[in-house]
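The listed protein sequences derive, respectively, from chains A and B.
Numbering of the first sequence is given in the numbering used here, commencing with residue 1 and proceeding in unit increments.
Numbering of the second sequence is given in the numbering used here, commencing with residue 1 and proceeding in unit increments.
There could be a bad hint or two in this list.
Derived contacts from chain B toward chain A, CB cut-off under 8 Å, selection only [unchecked claim]:
(1) Pro73
(2) Thr77
(3) Gly380
Honestly, the hints are just simulated from the structure, not real lab data.
Where a beta carbon is used, it is the ideal one built from N, C-alpha and C, also for glycine.
Residue strings, one per chain:
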Amino acid sequence: MSSRSKMKDPGLILTVVLVLYAGFVFVWWPTDVYYVGISLVAWLMFIGLFFWFLLAIVYSLWIERLDEQNKK
Amino acid sequence: MQVTEAIILFIYLLIVTFIGIYFYRRARQSESDYFTAGKSINTFVGAFAIFAAVASSSSLMGAVGSGVALGVPYFFTYAFGVIAILPFAMFLISGQIRRSGVKTMPEFFQQRYGNSVQMVAAIIVVIGMTFYMVPQLTASGLIGSYVLGIDYKAAVIILGLGFTLYAALGGMWAITYTDLIQGAVMLIGIVLLAGIILVDHGGLNSLISAALSVDPAFGDITQPWMSYFGLFIAFLWFGIISPSVVMRNFASRDAKTARRSAMWACLLYLTLFIAGFMVTAAGANLGIVGTLDNTDMIFVSVIEHYLPPILGGIMLAGLMAAIMSSADAMLLAVSAAVAHDLYKAHINKQASERFVTGLGLIVMVVASIIGILIAIEPPGLIAIMVGWVGGFLLSAFGFPIVLGIWWKRANRQGALIGMVGGAIVFLILVIGQWLPTNAEPIIAAPISLVLMIVVSLMTDPPSKEVQAQVDYYHTHLDDEQTA
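Only chain A is shown next, with the shape it has when bound in the complex:
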């Protein structure tokens, strides 16, 4: 197996997606913008909770598809 195929690993790609969203929240860090009296930082993280679950679903289905292809 070549190292090139490791770069195509769904896990590695989704890790990059996860890090990008977390980076977006922590770099922007909008402490002074409020929505319903709560800092936007908290709401961005709240949205992130659902995004993490979505990533978990994407990963499971993606790997299962790879498995199917390999079996064929």
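Please build the complex by placing chain B on the supplied structure of chain A, with the hints as guidance.
This is chain B only, laid out in the frame that chain A set:
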């Protein structure tokens, strides 16, 4: 003494102890049965088991307590990190570690880096997981003293010994099956509580408004940026560096089951924290945080305020459930580290399986006694103590595991220096107290990474066999399926 709550809690503890004894015989059949439940757990049971192992007492009591004390963004930072635990671990290590066929995390280090790294890892596991018992015991002591009306210290001792008993007897079999109950009780309890709170306040908007009118800073960022970021990365990495969580992954029937279990456990965790948000807002609404001896008690105050005694008893059993399942998984990790990774691997290779599981049992009891002795005078708030453990393990294990799987060039010397260096820098930073709370891994983990890369590059590469092994971890990407 809260009689109704006490009776429910007592019945609950009886049931889980009975399950522990029932599975005792099955568990002692072999090491594989004892430590990983014979690798036969299905998706449904596995999802609750992983969920209950990750959702420690701090998930409920600590997150809510810290959210009320430090503002709701702190609560969400907690959630933002912990809900990413399972996806993050799954993306980077779960499948690969499973394919490696090892039973414990130090055993993985042995396979990838050799004996010396395994021994150091086992020692770090023992220190980290034994200390991790302390916040669990603190939480059980707080609940126990409230429900039973007894002294906190007595509650820590009685409950600590009680739940060690069944974990020690049943090994992973008992822990996994009681987790199904514990996970369900915890989840149903908090969702019910959140529903009652919402109905009571007439919706989420008015609940938040009420909390803000009592505590105008409820929605604010109250701590330095580093505290939030440090907390986030310490939790994010928890599934990778926590031996107790990694070991759950091995108990599943096959790789697909393990992935699906982790995926559904992520949803369970998400539900727990959304309900926890309601509890946090209700806690702020009570406006009593300054009057409590221990901020972590705010959760119990919310239960007392909103729920009738019977439901309160079930909810407290749920909290105790969270503590027990986490503590049990930790005890098992300590026990496996000493019996399996130190004794059987290095001291007596001929030891019978029965002797190794027996030794594991004794180690569990000793570890929980040490935990109890420290928890009698806890050194900090639950959330902070959990943050320390997460930060310590991340600083020591994070990069030796991830690079061990993803970078063939990583070698024994690099892993050893990275592991020991990260752990020492972390301890120095905690003792020195120069950084905001829980910010230590922001410095210690990158130092571990740099040490590991530099030392690996300066020394000889691993053998061809080891490099082939690293390729094998990733065989799901090959054209020919072998895993």
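Taking the hints in turn, this is what the structure says about them:
no.: 1; hint: Pro73; result: 4 Å, holds
no.: 2; hint: Thr77; result: 6 Å, holds
no.: 3; hint: Gly380; result: 24 Å, violated
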